[in-house]
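Asker: Start from the sequences and build out the full structure, keeping to the hints where you can.
Going down the list, the sequences are from chains A and Y. Straight run, no breaks: the first sequence in this note's numbering ends on number 110. Straight run, no breaks: the second sequence in this note's numbering ends on number 1112.
Honestly, the hints are just simulated from the structure, not real lab data. Heads up, a few of these hints could be off.
When the alpha-carbon atoms are kept at most 25 Å apart in a straight line, the in silico PhoX-like pairs for lysine-lysine are as follows [unchecked claim]: (1) Y:Lys1042 to A:Lys42; (2) A:Lys78 to A:Lys57; (3) A:Lys83 to A:Lys57; (4) A:Lys42 to Y:Lys1070; (5) A:Lys42 to A:Lys57; (6) Y:Lys1042 to A:Lys78.
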Amino acid sequence: EPEVTQTPSHQVTQMGQEVILRCVPISNHLYFYWYRQILGQKVEFLVSFYNNEISEKSEIFDDQFSVERPDGSNFTLKIRSTKLEDSAMYFCASSLLAQYFGPGTRLTVL
Amino acid sequence: QKEVEQDPGPLSVPEGAIVSLNCTYSNSAFQYFMWYRQYSRKGPELLMYTYSSGNKEDGRFTAQVDKSSKYISLFIRDSQPSDSATYLCAMILNTNAGKSTFGDGTTLTVKP
Chain A
1 EPEVTQTPSH
11 QVTQMGQEVI
21 LRCVPISNHL
31 YFYWYRQILG
41 QKVEFLVSFY
51 NNEISEKSEI
61 FDDQFSVERP
71 DGSNFTLKIR
81 STKLEDSAMY
91 FCASSLLAQY
101 FGPGTRLTVL
Chain Y
1001 QKEVEQDPGP
1011 LSVPEGAIVS
1021 LNCTYSNSAF
1031 QYFMWYRQYS
1041 RKGPELLMYT
1051 YSSGNKEDGR
1061 FTAQVDKSSK
1071 YISLFIRDSQ
1081 PSDSATYLCA
1091 MILNTNAGKS
1101 TFGDGTTLTV
1111 KP
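Answerer: Structure, rendered in structure tokens:
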């Protein structure tokens, strides 16, 4: 069964550093998303992406964040200058109708 | 008021019990409703997806939507220890890149 994959599974970085989280969505899906989940909290929407542009973004998704689909298969989330409060699980999802989530990248900012 | 309210739990049941998980929502514009299962530090796994009022069954799982009451439920029959996880309800306005709005989750433990 097709699935969303994400790399790395765990990323540790120093505050102020840039990180890129990578996702391979399900191949025939058209819509792509990033969500995050701070430990013990609910899953929160960050951004949705369709037809090579952002469809919607949340208040969390400020100028420090960007997304890109650099080729036909990858979908990336970049955080330019990480803060301590960016520590969370980051989930990529893709959809035609229902959204299917990847296993997540655990980002730890020290 | 939160857009999506989920019964907080935690919930602990004996193996074989019927489990009822519930969410209410305030935005009547939500059209599509999902239930996800999430194991600790893993991604949400889609269990059920529905877009109309009524019941939808898949194996031991039944999703129920009542749009007039803005209330959704997930029933698990013959619960198993492997069903022990956090269950998340989620809903979206439309499927065209629409964001999912999640409940806080209900943690279920099924005891052998």
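Asker: Next step is simple, just say for each hint if it's right about the structure.
Answerer: Results for each hint:
1. Distance check on the hinted pair: Y:Lys1042 and A:Lys42 sit about 13 Å apart at the alpha-carbon level, within 25 Å; holds.
2. For a cut-off of 25 Å, the pair hint linking A:Lys78 to A:Lys57 stands: about 14 Å separates their Cα positions.
3. Proposed proximity of A:Lys83 and A:Lys57 is supported: the alpha carbons are some 19 Å apart, at most 25 Å.
4. Under the criterion of a C-alpha separation no larger than 25 Å, the hint pairing A:Lys42 with Y:Lys1070 is consistent with the structure, at around 20 Å.
5. For a cut-off of 25 Å, the pair hint linking A:Lys42 to A:Lys57 stands: about 17 Å separates their Cα positions.
6. A distance of roughly 21 Å separates the Cα atoms of Y:Lys1042 and A:Lys78; the hinted pair therefore holds under the 25 Å criterion.
Checked against the numbered hints above, the structure violates none of them.
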